[in-house]
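A.B. asks: Sequence:
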Amino acid sequence: MNIATYRRPSNLDEAYDLVVKQGAYPLGGGAWSMSVGRPIASAVDLCDLGLRYIRVEGKNIAVGAMATARDLERSSLLADVFGPLFPEALGGIAGVQVRNIVTAGGSVAGRYGFSELLVVLLALDASLVFYNDGTRPLSEYLGAPRGGAFLLEKILLPLDKKASYQGLRHAATDFPVLSVCACRARAGWRIAVGARPGVAAICPGAGASLGSTGSPGEQMALEAGRIAAGELSFGEDLRAGAEYRRSVCSVLVARAIRRISYDS
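Read in order, the letters of the sequence shown are residues 1 to 264 in UniProt numbering.
One thing to keep in mind: the hints can contain errors.
Lysine to aspartate or glutamate pairs mimicking DMTMM-like chemistry, simulated, CA-CA at most 25 Å apart [unchecked claim]:
1. Lys161 <-> Asp80
2. Lys21 <-> Asp125
3. Lys59 <-> Asp174
4. Lys162 <-> Asp45
5. Lys161 <-> Glu243
6. Lys161 <-> Asp125
No lab work stands behind these hints: they were computed from the structure.
All values derive from a computational prediction rather than experimental measurement.
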């Protein structure tokens, strides 16, 4: 990576001015920044902005944009609310060294198709808080075209959720062939599927098929899996073909729903 000017602001106002108004390149953990092929005129390191936290704010858990995958994996607060969800989803990402630098904000901003964290956040119906630019649902952000520069401050997770992550890899620490997260809330179910290999997406039909049932039976779980596999598009890469991913999707969705039902 070729960086002409490196800046390290100490407050959000300064960072916002550099990134949004002047077009500087934001550096989070830097895990995927090496993939940027072009020279970078000005890079802004966000590490001194106080955005590395996981805490309760009102009826939500707030995850600072600089919180790492390892922070989420080991958070006792997240474990108290969501059980083993985050360790199970994030514990297979590369190695501990990588999980110590991958940030929540970087994963969201990058819209990476392979991101296990995005699948979980989407299923939990997370919202994004942008500095000086309001709050948007993650689902809306992922569905919109890539736009202008922004500064992500934090991610909000509703507290009244129960979720399960299921994924398939060819080998431990490899990128997933497919990843799934099912989430149950008072309002109903949300099913998210990622590594299609496109970015994570919601399966509205699969969620609607479960209604407000708290503990769906085996047939409902299987039917939701079948619906999810039918309503999403799947692609091909070095890890798997489209039809293989479609077959895996139905199994993993049913398994995630079953896990929530059994743990209730």
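A.B. asks: Enumerate the violated hints, using their earlier numbering and listing them in ascending order.
C.D. replies: 2, 3, 4, 5
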